[in-house]
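A.B. asks: Got chain A sorted already, so can you dock chains B and C onto it with the hints?
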Amino acid sequence: MRTVLRRPLAAAGACWLLLVTVAAVFATLIAPYGSEDTDLSVALTGPGRAHPLGVDPLGRDELSRLVVGSRVTLAGVGIALVVFVVVGVAAGLVAGYLGGRTDRVLTRVLDLVLAIPAVLVLLAVLSLAPNDGLVPMLAFGVLSAPVLARVVRAASLQVREELYIAAARAFGLSDVQIVLRHVLRRVVNPTIVQGAIFAGTALIVQTGLAFLGFGPRPPAPSWGGSVQDASEVINRDPWLLYPCGLVIALTVLAFGLVGDGLRDASAGRWATERYLPPRSRRATVVAADATDFLLSVRDLTVDGPVGPLIQDISFDIAPGEALALVGESGCGKSITALATLGVLPAGLRRVTGTITVDGKDVTDPALLAAVRGRRIGYVCQEPMTALDPTFTVHAQLAEAVRHHRRVGRADADQIAHTLLAQVRIRDPLAVAARYPHQLSGGLAQRVCLALALAGDPALLVADEPTTALDVRVQAEILALLHTLRRDRGLAVLLITHDWGVVADQCERAIVLYAGQIVETGPVDDLFQAPRHPYTQGLLAASRSLADPDAAPARIGVAAPPLVTIPGVVPPAGQWPTGCRFSDRCPHVTPECRAEPIELRHDGPLAARCILPAAQPTTAR
Amino acid sequence: MVTVIRRRLVSSVLLLLVVSLISFLLISLLPGSPAVVILGPNAGEAQYRALDHQLGLDRPLWSQYLTWLGHAVRGDFGASWVSGQPIGQELAQRLPVTLSLVLGATVVAALLGVALGVQSAIRSRSARGVVDVISLAGAAIPGFWLGLVLVTAFAVAWPVLPATGYVAFGAGPLSWLRSLVLPWVTLALGGSALIAKQTRDSLGEVLSRPFVRVYVANGLSTRSIVYRHALRNAAVPILTTVGVVFVGLLSGSVLVESVFALPGLGSAAVNATTSHDLPVIQAFAMWFTVLVVAVNLLIDLAYVWVDPRVRIS
Amino acid sequence: MSSHRSRTRLLTAAILAVVALALPACGAGGATTGASTGQTGQLTMIISAQPASLDPGLMNVDPNNLALDQLAYEPLIRKAPDGTFGPALATRFGYVGTGNTAFSMTLRSGVRFADGTPLDAAAVAKSINYEIKAGGPAVGWLGGCTKVTPVGALRVDVACSAPNPVLPLLFSQNAPFGLVISPAGVGTPESLKNATAGAGPYTLDATESVTGDHYVFVANKNYWNPKAVHFSRVTLKVITNPDSVLNAIRSGQADVAVGDPSTADAAKSAGLRVVAAPSYTVGVDLFDRAGVDAKPLSDARVRQALNYAVDRTAITKALFGAYGSPTTQLVTPAYDGYSAALNRQYPYDPARARQLLAAAGYPNGFSLQLEAWEGFNVAKVTQAIAGYWAKIGVHTQLTQDAAPAAWVNNVLTKKFPAGGFGYGGLPVYMTAQNWFQPTAGPFNPFLSQNPTLTGLLRQAAAATPQQSAALGLQAMTFALDQGWWVSASLVDAAYYAHPGITGISVTARNIYADMSTVAQP
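Protein chains in written order, with my numbering: chain A, 1 to 620; chain B, 621 to 933; chain C, 934 to 1454.
If we strip away everything but chain A, and leave its shape as in the complex, we get (with noise of 0.2 Å):
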């Protein structure tokens, strides 16, 4: 509750709320004329000091019947409202705490109840005894408690599976003293929530039936026989509309914005991250340097919430070229390939760095968009969830084809169809017409490639593209990406953490460690002498799980004995001053930990590590 009274809207709801419930309590004592107390010669005359809201056209004091019909309006909300959390509150219990066929049959009822539309009960009501305001308000209370009852019985379920209610069975307690102890204490903060967003609906409902005629007989003040009033002089006195509508608006938005409060509170916000790039103003296009590279990536650093994810990253690819991102999860790999690609997370932001595609500066994410799908394509890791589960094979890859190619509907078949092919599906018609549930995770990878492959890119981002897949699938893509390389001439920017496939698909890999580059250089380099105690330990876990006498090793077929790092890469944020692998290599000096050290070019291969060369490797 005392969350809730922080967020000023709620409070604010909160006292507008006691205001008008002190108002109706003493509504007589408030009011400065009686409600029924009619002056005909000042009706209608508008607000001013005497009347401060205006007067009717009976010439009643209308403050006085807003305050005092406060009292038959908020009294219907009250009966609705306790009618609505006991039927609710009792039905939920039962429901979720005696559970099997109780809850079965209950829950259809409470279903059913639901559906019946409740204008149609309260006008049957009504149309017994139109002046009546008790018994409609009861019967739209009965009428919504199936809201409440869902919500208490699903709280009431959970409580049940705990295990203090097993004890406190074992203890001896009755199932009467352990929904009174126990589980009602759980219910409180959702039928508060509940209760506030009801009683605004019953307002509006208490308020409107007046308006119909249905309130209180005349002269008896109302807020919806005030609206009625004033709907019968809007031409004469039109001022007279808004004081009542104001309360009556007021008051249901002050239930709701408690009842928002609340549910804030106990729920905390909706939080999700999203992929959407930022907007941005239209870019222009920065002269462009002359290289060699289909994308050069510059001192690239990314900030999450708590500090560098990752940390001037630069790198090149050649046209054709195929570059290893190798290191541990939480390395900063994907990070650096989404940030590349400009599809950051929402939270994630790109502080430093310039990217440049055909020598040709994107750094903008205008002008990065334009390059993605067509320079560049991504695959990533997870197929099963990589295309859209709504659209056919062949709706998606068509309209990527159409929208980066230009191309009319039937090209776009036609296209779509040859992608199928090139991927090596056997039966694409097939494939094209299926949807992605239907197929298996080897066959959505391909449909992935395809996908990414749509714009024609010169270079593909495959972010741990086989991970997800069982293992003879997992040499079926890496042999259709040779492929593609092959006939296409495709650069690839490989995020892995299996040398095997680096050693099969790679011409230079960039080891990552705690969002640094701790080394690069040509993967035949790196197998033969790699240099940072990183790549060495990384390399001969690798070995150890593939078969001894393999050289180079195969992909991961479990045997042990196991080598592995000891330790684990530390989170963002706690990364140590000094070499940032100190903690858990082998070979720490003090130095190691004195300041931050800088990549160090060595012959074909470049390290982040200050000892001598010849380090042997941990195992071999």
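Wrong hints could be hidden among the right ones.
If you want a taste of the chain B side facing chain C, the calculated C-beta under 8 Å gives, among others [as the list claims (entries may be wrong)]:
(1) 704
(2) 705
(3) 714
(4) 771
(5) 775
(6) 783
(7) 881
(8) 894
No wet-lab data here; the hints were simulated from the structure.
All C-beta atoms, glycine included, are put in the ideal place defined by N, C-alpha and C.
C.D. replies: Below, chains B and C without anything else, positioned relative to chain A:
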């Protein structure tokens, strides 16, 4: 798919039976005899008894119910106690008005709600704040009052639209449209708030799914991703909300028809309520429920259309 | 981003579309004659309450119900705006002999009903007899004149068991008995509730009409006087909220409307023609004069106290402005039985009222259930009167009815000891039938009577017009002194019309516009 539809049909029939039972039992709850309501207080005892017999009120309750149900199924709800006119015919005349009003308002609410919800999901925090305020206001302002305010603004102060009344579509589509603009807006505002909230939440969830990242990374246009792909993925909960809103607007139409003097089912029901014209209330209840059932079925079919997983599994 | 801009464009287009949609209205609203008139020869009229019944036998005599029935049912006698009676279906008519107990009408020959059947004496007699038997609210006016017989093909004789001086009015367009129903209609009374069976200028198009909302009439091809058919189609639309009525006619949705004093000034300043004349009294009828349900009402001092308690001038000024004047009486100024002096009978005097209450044994007042129809400001005046009564300790609870049928039913079942009324524009004889004679009706549901009053009225009914005036005044003075009712205001009947619509006339002597003369030259 077949199971979904079949389950819905079973529960629909159940609902119709329950509503029919409630509305049938209404007459037996009426204090005093229907014959007195129909003939007035000054007829003779014999006349009352004859009418009771004619209406079948002297038979056992279950037999009365079966007869009534049998007729109701064929759309025959007997004659109004007040006007003496056959009710089926009268309500059939009024049905197009209510349908125009409620379906139109549902469409307006859905368009407005989805538009607001999408903006709120893809824009900045401040945009979300604006949508929140509109949503809260939309939910808080009572429709019957908003209608009056709109009339003072657009029919009295700045007379560009008719204040009241309904023009049949056949009498001129433009006039029909003009007669419904204010009622639509009045009715739709509250519903659009609910739909906006739902759209924001479901779209937000969908936009965090991996396929959206794949699509963005592969250069598909934001517009296509949001409106074609994400919205369709978010459609099932939004459609559910639209169904809930439709039922709500159907209830709200009773008030709005009264504000704008529209000759729909709702205004007939209100008149019947004040004059104890129970057969009209019964017929109204059944018609309303049929509408609810029909729209729920349509929405089930729409699920099938937007989500292939429902269709194929 | 381009997608964003195109969305903005879409939104702009949508707004423009809405504006464009609204624009034609400016034209229509600016044009004076409304949407449905002009070349097409159509008339749309707004009536201010649901008609009690389409069936003349069950109709309520008020501007709304009359407008509906006058379109379809041709009267025997036509009452002119100056109060004189002239021929319609009856070419000659009049009392036979003296004493006002026998009446004869000679019919126009060659007239046919809308269904083509000939209109003759037998049909007319059948129609009147049906309307008597149907037992509508007006049946009390006939007094003993219930023997209606055809004589030959074209003569209808009416014989009365007691004198009745108002038969020409009762057979005019302003009373049910003048509106002739075809034999087919009389044969199936149920059909009269949703179809018309008359010989009037129009017939109801039931398929286009929605009961209680709007009624569409089309020209009757068999009408005997084609010159008097001014429109090919007439639509009557029910709107009960007076402000909505004004908004509707102002925005061109109708050509004519039954107006209301509360909106008459606004109508005038909106450029509409307002036709108005003092026509009916509004107040509270103290039904239970014998104190069956509400004991206090049996005491004349209590009833007088209720009269003294009310500030008629204030009520009239606040609710009716220039379109009303304070009155204590039931009869309106154009008729015998009215006297300006009588308006001084109950000046606003709350002290006197309390005194009378105390003398009657109710020093702390009492409580009272009231009932009122929402039409014609009845409920509003009832509330205003109740407000004054509260000040002398008489507390009331009011049940309001929107539908006149519900009001009539509520009153007739004697559920309420008192209730609002709107009444007037009628001679003493008819007023007396409704209020002072034990014929059941919504103005005397407890069937109270008084021997003195009955005697005076019997004399007046048989008397010559000169004698009758004095006797009538004597009777009304006596009744006023008894305090059987609490009148507040004499109110104008008002009609609104766009300029260009002619033939709408309302006078103190004929308070209902004659639908047959409404035209657009």
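A.B. asks: Evaluate each hint against the coordinates.
C.D. replies: Cross-check of the supplied hints:
| no. | hint | in the structure |
| --- | --- | --- |
| 1 | 704 | 4 Å, holds |
| 2 | 705 | 4 Å, holds |
| 3 | 714 | 6 Å, holds |
| 4 | 771 | 7 Å, holds |
| 5 | 775 | 5 Å, holds |
| 6 | 783 | 3 Å, holds |
| 7 | 881 | 5 Å, holds |
| 8 | 894 | 6 Å, holds |
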